[in-house]
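The primary structure of each chain is shown beneath.
There are 2 protein chains.
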Amino acid sequence: MTARQAYDALLAHSRASADIIAALSLLGWDQQVMLPAQAHAGRANQIGALTAILHRRACDPAMGQWLADCEGSELTADPATPEAANIRELRRDYDQAVKIPEALAVALAQAASTGQRAWELARKDNDFQAFAPHLQTLLDLSREKAQALGYQTEAYDALLDLYEPGEKAAAIAPVLAELRDAAVDILGRIKDAPAPADLPDGPYDTAAQETLLRQVTALIGLSPTASRLDVSAHPFSTLIGPGDARITTRFDPADFTKAFFGAVHETGHALYSLGHVGNGHYGTPMGEPASFAVHESQSRLWENQVARSLPFWRHVTPMAAACFPQLAGTSPEAMVKAVGAVRPGLIRVDADETTYNLHIILRFELELALVRGDLAVADLPGAWNEKSQAILGLTPPTDALGCLQDVHWSTGAFGYFPTYSLGNIYAACLFEAAGRAIPDLPERMAAGDFAPLLQWLHTNIHAKGRQLPPRALIAAATGQQPTAAPLVRHLRAKASAIYGV
Amino acid sequence: MTARQAYDALLAHSRASADIIAALSLLGWDQQVMLPAQAHAGRANQIGALTAILHRRACDPAMGQWLADCEGSELTADPATPEAANIRELRRDYDQAVKIPEALAVALAQAASTGQRAWELARKDNDFQAFAPHLQTLLDLSREKAQALGYQTEAYDALLDLYEPGEKAAAIAPVLAELRDAAVDILGRIKDAPAPADLPDGPYDTAAQETLLRQVTALIGLSPTASRLDVSAHPFSTLIGPGDARITTRFDPADFTKAFFGAVHETGHALYSLGHVGNGHYGTPMGEPASFAVHESQSRLWENQVARSLPFWRHVTPMAAACFPQLAGTSPEAMVKAVGAVRPGLIRVDADETTYNLHIILRFELELALVRGDLAVADLPGAWNEKSQAILGLTPPTDALGCLQDVHWSTGAFGYFPTYSLGNIYAACLFEAAGRAIPDLPERMAAGDFAPLLQWLHTNIHAKGRQLPPRALIAAATGQQPTAAPLVRHLRAKASAIYGV
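Chains as they are written, first to last, in the working numbering: chain A, 1 to 501; chain B, 1 to 501.
The set of hints was computed from the structure by calculation and includes no laboratory data.
Backbone N, C-alpha and C fix where the C-beta goes; we use that ideal spot for every residue, glycine too.
Hints may be right or wrong, so weigh each one.
Examples of chain B residues lying across from chain A (beta carbon under 10 Å, computed) [to be verified]:
#1 S17
#2 W29
#3 A39
#4 G48
#5 L50
#6 L219
#7 G221
#8 S223
Listed next, with one range per pair, are the computed distances between beta-carbon atoms [claimed, not checked]:
#9 B:G64 - A:P61: 19 to 29 Å
#10 B:P133 - A:P439: 49 to 59 Å
#11 B:Q215 - A:D95: 23 to 33 Å
#12 A:P224 - B:D252: 21 to 31 Å
#13 A:A197 - B:A207: 32 to 42 Å
#14 B:D252 - A:Q136: 52 to 62 Å
Derived list of chain B stretches under chain A, where covered just means 3 residues or more per stretch with a C-beta under 8 Å from a C-beta of chain A [as the list claims (entries may be wrong)]:
#15 72-81
#16 229-242
#17 318-325
Please work from the sequences and hints to get the whole structure.
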């Protein structure tokens, strides 16, 4: 078989897998948005059946042969070509897949499924002890997985690498420390400044909220003919396939900003998904997202850099006032202040931009200790509360508001949390670079013209797929190695604008 | 491998295939109900990928080995056991699957996909010539399929057997002739009788229509926690998986009865699906529908025998009047007359109970001639119009209202149409038998209590799955071989009640 034939076979295999992944994504979306109550057990079986097929396809020995036939051929001579990138990334995926024994993969999938249900009940009942054995199982299996995958010095790195290729705990820790120092400094400065005024009281009509969301998501570039907006208990974004990026939201009549920023966040994910899928490489690594942090950078950029900015609200405040009569007297400046207030709290998903990263530090340090074996599962609640007091200045009154608040560990997603802060960092790097490339960006945004920004992101991030590893992708887009400095500048500027410090 | 081990392997294989079929069903439902406009090409690929996997599973040589290990063992000693039925039916499915070469299966799937699109355009443009080459391809491939499947005397039988196991054209023809004679007789009798009064004019509020549909579908037994009701351009019913039977409708503000009877019809399908899936044999033939005609018998029974009857409207007329103010003065008797009027028309899906079967005769005779090679594709429009005049007394003014009106042939479904009339016949047989088994059935229905009827159908039809071939299933349920007589009695009684003839 020639290298070209092997490459064609590789891509056909990858594209067929992508079509199965699309079916799996639809099963998952439907489960959260549409599924009748009696159908959940059946749905779990359906997801299991397709997952098993995908796992076998990912480990198919034919893949190994095709990859060997491609590697070292003329197709990999220029690493910048789509062919070379696809071969490199398919090799990465294949090597990871074959390292995980099928029994371990199945055990992890089952533990994640039962673990998630156990976590839901434990959080509801504030009963960490009921969840602890599941967490122990998931931790044990994840450590086994890290051993199977292999690592240099730190087992945690093997897990982190699954979400963020090339990333290491030793590189994450100092970056998170920088974000902590900045947050502590900002919190110290604003301590005695008057808090910005809240938005007018609700209720905010939910039909009007939906109208505004549809207007704003379309305004920033999400085509209604390539997406859906639906309601689910937990908002999320999912790509089903080409031309089909779906987001969900949840309406709170007392506070329209929850659904609003949530939907803008998910729109950022959806715009990225449509962007890399639409680059002509769907079903191959060149048409896939670069990493979890890069994905998060797109949602955070639109949510924070754009939708919490003054230019954005110059255009959107009249739209919002047309939907909600009580906003008639609210200025864009007042809007920006209200949605930018810094208030340390117990719940990560409700956190402001500045203190959000403190939540990530807390989780990163704890999961690192768990994976290392330095922290026993039984000691997690105490360790969480101690660290929460030290980092956030708050001790959770219950585990439900503490170590049981997040879903991630209940599905075995150890090593996932750092991608949130990396995403925040990348978002700030990209928005600064976009501002250099589009000198009149604030004026464009104030005029409701978000196309130049979306086009810049499309060209420099979306269309690139997995052509470059995450850090290299950000460096190529911005012209410099990514650091926390742009995010820190952004947070300081915001504190200055809102609190005058 | 012991027979029991082989049987367990067979069933595990069948159950995993059922989970993939469920995913395919969801892809299909979503395509008609939810899919963003830009996503149709991607969806076709996803359906293609899962179809290819299913086809390979259906022909898996391991199936042949397991079946051989089971057949003739103690598992098949008593043909009435679920094991024997499953083995017999899995053998039937396997033998059919392996007879179709993969190239032919792929060619048919592609021709069906392009044919359906070509038909949609041709119907819109009233352009039979544009559709003719597609029809020719589908006919050629279907005849090739019939050859591959094999038959005794009539190629058509090989295709018919895919929908209705054991059925033959030679057995269908006299039954359809009996229905034609009855219809001609009824039409002659009512010719000079005054037509029943129409229902009051619309508009019928579509939100109120939806309210009524949800009330009535729940009333007759469709649980909202095991089903969904959504809107689609073409109403349909689909089983996604256990506890998940979905129906769709389309609202016409001028005439609430279209959505109403359509939804009751689809509810009949859904009740059957939930019934056979819920019998503990999901994913194996014992948990599958017996045939297309048996499926249709369930929709027709609820649509015609139940929902066009006086006892039904004694209970439902006040519910309808609560939704639509203009029905305040309409009696149950007037309602039954209005929805039971006999009016020959050009369009099958709008036909009344009596003339519906005339449409089926028309199509059966034409598709039989096409498959035999006695009728050329180019001559179809002329043959259709001639036969329409002879059978219905009407000549279509356009092909869009004539030979282009149905979707079936555009997807290669030759041999499907007779199942509609068989379904009508089986529905009447079953309703008569249920009436014998439940002496106070009319009183129960008039009191809004449809549980005894549903329970009788569940016990005698739904829960049986594919335990018996279709005719044997109806015979076992009713205590006599199915004939057209009960349907003819039903139609005559209705004509008598409405027209006094």
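These are the hints, each one checked on the structure:
Hint status for S17 of chain B relative to chain A: holds, with the closest Cβ pair at about 8 Å, below 10 Å. Interface restraint check: W29 of chain B against chain A, minimum CB-CB distance 9 Å, threshold 10 Å, status holds. Interface restraint check for A39 of chain B: the shortest CB-CB distance to chain A comes to about 4 Å, inside 10 Å, so the restraint holds. A least Cβ separation of about 7 Å between G48 of chain B and chain A falls short of the 10 Å threshold, and the interface hint therefore holds.
With its C-beta approaching chain A no nearer than about 6 Å, L50 of chain B sits inside the 10 Å limit, and its interface hint holds. Hint status for L219 of chain B: violated, given a least beta-carbon distance of 18 Å to chain A, over 10 Å. The beta carbon of G221 of chain B is not positioned within 10 Å of any beta carbon in chain A (closest approach about 14 Å), and the interface hint is therefore violated. With 10 Å as the threshold, the beta carbon of S223 of chain B comes within range of chain A, its nearest partner Cβ sitting at about 7 Å, so the hint holds.
Separated by about 25 Å at the C-beta atoms, G64 of chain B and P61 of chain A satisfy the suggested range of 19 to 29 Å. The given range of 49 to 59 Å is respected by P133 of chain B and P439 of chain A, whose C-beta atoms sit roughly 57 Å from each other. For Q215 of chain B and D95 of chain A, the Cβ-Cβ distance of about 58 Å falls outside the hinted range of 23 to 33 Å, so the restraint is violated. In this structure the hint that P224 of chain A and D252 of chain B lie 21 to 31 Å apart at CB holds, the actual value being about 26 Å.
At about 40 Å, the beta-carbon gap between A197 of chain A and A207 of chain B stays in the expected band of 32 to 42 Å. Evaluation of the 52 to 62 Å hint for D252 of chain B and Q136 of chain A yields a pass: the beta carbon distance comes to about 59 Å. Taking a C-beta to C-beta cut-off of 8 Å, the region 72-81 of chain B contributes 0 residues in contact with chain A, too few for the three needed, and the coverage statement is violated. Only residues whose beta carbon comes within less than 8 Å of a beta carbon in chain A count, and the region 229-242 of chain B has 3; three or more means the coverage holds.
Counting residues of the region 318-325 of chain B whose beta carbon lies closer than 8 Å to any beta carbon of chain A gives 0, which falls below the threshold of three, so the coverage claim is violated.
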